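Add chain B to chain A, keeping to what the hints say.
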Amino acid sequence: DGGITQSPKYLFRKEGQNVTLSCEQNLNHDAMYWYRQDPGQGLRLIYYSQIVNDFQKGDIAEGYSVSREKKESFPLTVTSAQKNPTAFYLCASRSRGPQETQYFGPGTRLLVL
Amino acid sequence: GQQLNQSPQSMFIQEGEDVSMNCTSSSIFNTWLWYKQDPGEGPVLLIALYKAGELTSNGRLTAQFGITRKDSFLNISASIPSDVGIYFCAGQLSRDDKIIFGKGTRLHILP
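Sequence order for the protein chains is A and B.
According to the numbering used here, the residues represented by the first sequence are 1 to 113, in order.
According to the numbering used here, the residues represented by the second sequence are 1001 to 1111, in order.
If you are wondering where the hints come from, they were derived from the structure by calculation, not from laboratory data.
Predicted model only: the values in this text are computed from it and were never measured.
Where a beta carbon is used, it is the ideal one built from N, C-alpha and C, also for glycine.
Treat the hints with caution; some may be incorrect.
Stated by the list, open to error - To give a feel for the contact side, a few chain A residues facing chain B, derived at Cβ under 10 Å:
1. Ala-31
2. Pro-98
3. Glu-100
Chain A extracted, bound-state conformation (with noise of 0.2 Å):
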């Protein structure tokens, strides 16, 4: 089956570590995102890829890093420099061509210990 799947599901953090948030793709798209989302909050950007070897900063990126090695994978580290790293993860890819459409892996609940 095609889809986008993220590892793992849950993740706990201790204070000062980074840890790295799995996503692969099957779907064969060029582009990938991370989002964030907060209890009863919407989708922030964080980063995105729109091809391989190449991402650019979202909206939230202080305290993340990414890598684009490969098509299928973007991986995205949480740091010790982001301070309230607390929530809920989304991994996402898109179509391209005249109907692109973005489809969302099933998420990574990072908790801080």
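Relative to the frame of chain A, chain B by itself:
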């Protein structure tokens, strides 16, 4: 910058009632998308609209792309308990543009 106003913020309805929610934008869009998010899950695409005036159905769901290209609405007919969740609208001006999301409409169904 572009903003999407989604309303209502939340709705409480009886099972079997019809539901209507809408999104308005300060700018025009060429694509409107509607998603549903269940608790603890990622948003799932319900309906995609690509042409002004387009009316598209997906089972009990119907969505329309406003003629002005600055609004869209989603209707749910004969609501059932599994319709509970958060519904997001999203708009995109053109290819390669970021997709802008509304803040969501939280649907509650009363027993």
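Tell me the hint numbers this structure goes against, listed in increasing order.
none
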